[in-house]
Structure formats: structure tokens, C-alpha cells
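4 protein chains.
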Amino acid sequence: MERERRKVVAVIGSGSATEEEPGYQAASIIGRSLVDNGFRVMTGGLHGVMEGAFIGAKSSKRYREGDTIAVLPGIDPDDANMHSDIVIPTGLGIGRNMIVTNADAIIAIGGGSGTLSEIAFSWQKGKTIVALDIPGWSGELGGRALDDRRPDDVVIKAKDPHHAVELMMSEL
Amino acid sequence: MERERRKVVAVIGSGSATEEEPGYQAASIIGRSLVDNGFRVMTGGLHGVMEGAFIGAKSSKRYREGDTIAVLPGIDPDDANMHSDIVIPTGLGIGRNMIVTNADAIIAIGGGSGTLSEIAFSWQKGKTIVALDIPGWSGELGGRALDDRRPDDVVIKAKDPHHAVELMMSEL
Amino acid sequence: MERERRKVVAVIGSGSATEEEPGYQAASIIGRSLVDNGFRVMTGGLHGVMEGAFIGAKSSKRYREGDTIAVLPGIDPDDANMHSDIVIPTGLGIGRNMIVTNADAIIAIGGGSGTLSEIAFSWQKGKTIVALDIPGWSGELGGRALDDRRPDDVVIKAKDPHHAVELMMSEL
Amino acid sequence: MERERRKVVAVIGSGSATEEEPGYQAASIIGRSLVDNGFRVMTGGLHGVMEGAFIGAKSSKRYREGDTIAVLPGIDPDDANMHSDIVIPTGLGIGRNMIVTNADAIIAIGGGSGTLSEIAFSWQKGKTIVALDIPGWSGELGGRALDDRRPDDVVIKAKDPHHAVELMMSEL
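Chains as they are written, first to last, in our numbering: chain C, 1 to 172; chain P, 1 to 172; chain F, 1 to 172; chain G, 1 to 172.
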């Protein structure tokens, strides 16, 4: 009998996005849609997009405690935003980006240089990456190959949050 | 209103302990007792003590899916034992030991050099460490200070599995 | 009396560039120029641009054994290219990219997703980054800000290898 | 033609040992003897034993600039002690212990929990470990096997600093 592990999708994006910004709202829609579809949601555990994704996850009717996973830069679990169910303090600083990119798939929402490093690591690891077409690195890299190590493969461009989850699911 | 994050306790010990060995059985009792008391259980996600702890956790009446967290050495989530609910592939090899020791508290069960490095890291980070008094590094270090950076503090020695959980809880 | 530590400059770029490619040749010119100017050269220790930079370093009249530093992904020192004087095996895999970006300054030469993650980490850490204007991520990011965390700062675009070293030196 | 890479020996021990303590003096003798015999010396780059080893290295007649390698916890190269020729800032905190243990061989001098984690990692990686027989973890572990993964192997016990280098050399 096969264990059915629930898959984990990382949502990455700017930690400074405010509630009014499209990235934050997109993260919330994506978080909810992921849990609606039986996934867990992993982020870097801080604010902005990371918080939006968790709030969305918790608003799903299928949400169960344990569905939001925060992979923190520091060693203090209390640094996690208050919507984090599972807290993994790493002590690796921005190096935790690397760990986040080991999720089953990655959805990128806008983002600055932290998100850029996460997308680059995900690409190196051969992961499915879906990038929302909004300002920031997700918008810039959607539809592109980052180098030639993944022939015929690209960072998948999604026109809106629901589309992002659909595209990701079609790849897993 | 305060978020009530459920605390995470790391159970560490030999990955090669078989079901017949006392360490495996102790891990199972400890895993169940931890979930009985509202904790989640984190391990390195492989076999031996790591598996025993998760099987125990799942046997608790209070177990909910999401209570067992596997922090893996590699990047393939399928390396986790089949009792792992949450899988965090790190790609850090034996360096993941470091991350495991960022749990809220640590319970050590026997163990070889991997467990020894985890106990040493936990000590450096000021964590509560309870060590079961059985053969292996937990038995050897229980009751001792590893150096003088934690005055009046020791690795707490526990005479049996239930005692280990009680002692840990009295420190948190 | 002040210690005068010689500064270390990381040269990053594609590990698959062949001797005939412009990136390899640029790396060689940059490596020599760096040692001519009293710097040590650090790379990821493998092939392509990493090798070219070390060969260049060794061709400088001011070269002294110890001027080439290889920060390897694995734990086997013999993985380093044969021009590596100092070998630091990390066991961190592609995560060693992070460590390379802690050099005093970074010069990027072309490059794929590995180089991209290195540029992104360097930016997060506030390092001086000079990017050679040739095909690859260095060419694409030269002259740009990666996000708004470094106001008025950009990845510095260099039109040729000598220019890259001059620009880097003017920033240190 | 074979490259002849000079081997690197890590010297590990307490960062708080003062000049008057036997560990500091032993580190100095070992550092000098290592360079006398053509090795480079690697440490965690801070004070105590790490400093003593570098001062000793520099007192060797065969010393050449570049023989002392500091693998730092933080990202600021200026944290290294002033006898560090090559500085590798890692940003990994106490996790850099892991990297230090990838040297060609390890000599342990006294030490607390940091040294203990380094010895445990070195053992897991199959490295030659020589432990000086003085108070601290090196004294306690010399002559012992840390677990059964290295049959017939032990942490090699050395009665004095010169003996430590001789024993290490006989194993490489």
C-alpha cells in the first residue's frame, strides 16, 4: 500500500508587499486555491506575500491545521508570522531560500532579489516553476528559460492566480 | 489575541535501530506521548529511531495528519519514511542535523555520531535536551554539561520514555 | 598596527564555457588582472569560467601560490580543477553559491541559473557586483537594480574584462 | 602531470582559550609543525585555539602568506583574527563547523560543544581525527570510536602536540 503524501507547494515573493498590493492579494487567492486542491503551502514564514499565502490557505474550507509551513531564516520560531502552523527555524539566513525551493512545485508572485535567487535555485533543481505575470521578477521571468540545462522547458507564465494553480497542477 | 503555535519536539537517535531494539521501542512510546500532550514530532525523516517516533506519534488518539515532520538530508521528498506527514527536503546532507536542533526541545535516544553532533548543536543553541539513559550517546551525556557556556545547566537524564517527556515538558 | 588582509574577488560564470568561448577568455584576462592588482581569486572550483579565471591568475607575474581559492559543492577536494591552490570542500551543493558571494566583490561573466543565483545573493548581501556585457545573465543584469533595497545602486556594467577590474577597484 | 595540491589540516578547539592555557600553546606548536611539514592550516578564524594555531603557523620558517585559512561564521571578513591570510566568510553561523570538517585531516585540542560537533561531523565524514590528550572533548574522545560506522577505527589519541602532527601524517 502506497503512502499518499500530500504535496507541498512553495509560494515565493516579496516580504514587504502590503495588503493593498496585487501581489499580496494574489498570494491569498493562490494560498486558498492550493489548500482547496489538497496541497500544503510553504513559504519563508515572514510577511508580505508569505503572510498573504498563509491567510489564503486558512480561508479554504478544506484547511486543516498543519497546512501552512514556515521555513524561517533565523532560529527563533516566534519570528514566524502568526498564520504559520508548522515552523522550521533554519538559522541559515537568506540561505533558507535554497530549502524552500525543494518543495514539490514553486509559484512565484512578483518579488525582488530574494525571489530571484529562489527562482534560480528552483530552476537548477529541475522544479516546476509557475510565475505570475505581475511586476517583479515573476513577471519578468515568466515564459523564459533561465539557461539551457532544461531543454524545451521554461518558467511557466500565469496570467492570474487561479491560472497559476491550474498550470502548476497540470505539471505535477 | 495570541496565536497558539503548537510546539515541535525533535526526536533524535540512530537511523539503524531495528524494531526489536530498545531505542526503537522507546522512540515509539515517546512519539505517542508527545502527540498525546499536544506536540508535533520532528525527526531527520529516515529510519530507525526516526521511524519509531513517527509510528508512535500516529498511534496517539490525539494524532492529526500533519503531526510528523521529516527534515531530510537530500532533495527528494520520497526519501522520507512512509509515516512522514510534512516533508522538508533540505539538500544539506548531514548538515540538516543543525536544523533539527532548532526545535523547541530535543529528546535523544541512544545514537551514534550523528546524534552526537545534534546534541552538541542543541547545546550550543541553548535548547532543552533530554537524554534517555540507554546505550549510545544519550546514555553517555545524560546528566552532564557539555561545556561551561550554560552555567548550572546539563543534558537532562531520563530513566525511561515517559519520564523523558515529563522532564521535557517541565522545562518548556 | 593594522593587518593588511589581501582582498578576495569572486569570479562567477558558466561552468560549461569552453576555452574557445568569449566568457572563458574574459575570465582568464580578469583572473590575471586581479592578481596583477594584488587580489586573490575565488570561484566555485570547477570548470569553464572558474577554470579560466584560475589559469589567468596563475599567469600573472605577481602570482603567488595560494592566490586561487576553490569553494567546492562536494566534500572531495579532488573535485577542484587543477589550478586551485586553496580548496574548501563545503558539502553544500549548489548552496555553496551563497558562500562565494561573501567575497569582497563579485565579477560576473555570462552565466546561467547558477550565476543568476549568485548575483541575486550578492545583491541581497550588499556586495559590489560588476557584470561583463556579454551574453548570459551578466550581460542581462548589468546596469540594473535587482530590487529597491539598494537605492541608487545597480549591478555595474563593464564593457570588457579590464574595464570590469577597474570598475570593481574603484568601488572597494 | 599531476597537480600537487598542498593538503589542509583543520585545527579545532576552544575559541575562549587564553594565551596562558595549555590548549593555546599546543595549538601554536601544532600550527608551526603543520607548516614546517608543508600543510596549510584551517580554523574557524576566531580566537583562542584558532588564533594560536595561526600564530604558530606564521612562526614556521616555511610559512608563506596564504597558509592560514579562516572559515568564519558570519559574512564580515573583518571578524577574522589578524593572523588569517585567506578569509572565507560563510554566513552559516555554527553550521560552518561542518565545512571545517571537510579538511584533509582534523586535529582537536581540548574544546567545548563546538569542538564536539566538529569531531562528530569529522567522524561521520570518515576523516582522520587526531585528539590531543588534554582536558576538554579532545581528551575525552581520544582512543574511542564514536559509533560503529568505522570498524576498527578510533579518534586517534596524541600525548603531545608534536605527536599529534606525526600521527596525523602517518594516516594521510
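Hint data in this document are derived by calculation from the structure and do not stem from the laboratory.
Please note that a few of the clues may not be correct.
No distinction is drawn between identical chains; accordingly, a pair holds when it is met within one copy or between any pair of copies.
Stated by the list, open to error - In silico DSBU-like links for lysine-lysine, alpha-carbon gap of 30 Å or less:
#	residue 1	residue 2
1	K157	K58
2	K61	K7
3	K61	K125
4	K7	K58
5	K125	K157
Comparing the hints with the structure gives:
1. K157 <-> K58: The answer is within: 26 Å in one copy meets 30 Å, while 40 Å across copies does not.
2. K61 <-> K7: both (18 Å within a copy, 25 Å between copies)
3. K61 <-> K125: neither (33 Å within a copy, 39 Å between copies)
4. K7 <-> K58: So K7 and K58 pass the 30 Å test inside a copy (17 Å) and across (19 Å) alike.
5. K125 <-> K157: So K125 and K157 pass the 30 Å test inside a copy (19 Å) and across (29 Å) alike.
In terms of the numbered hints stated before, the structure departs from hint 3 and from no other.
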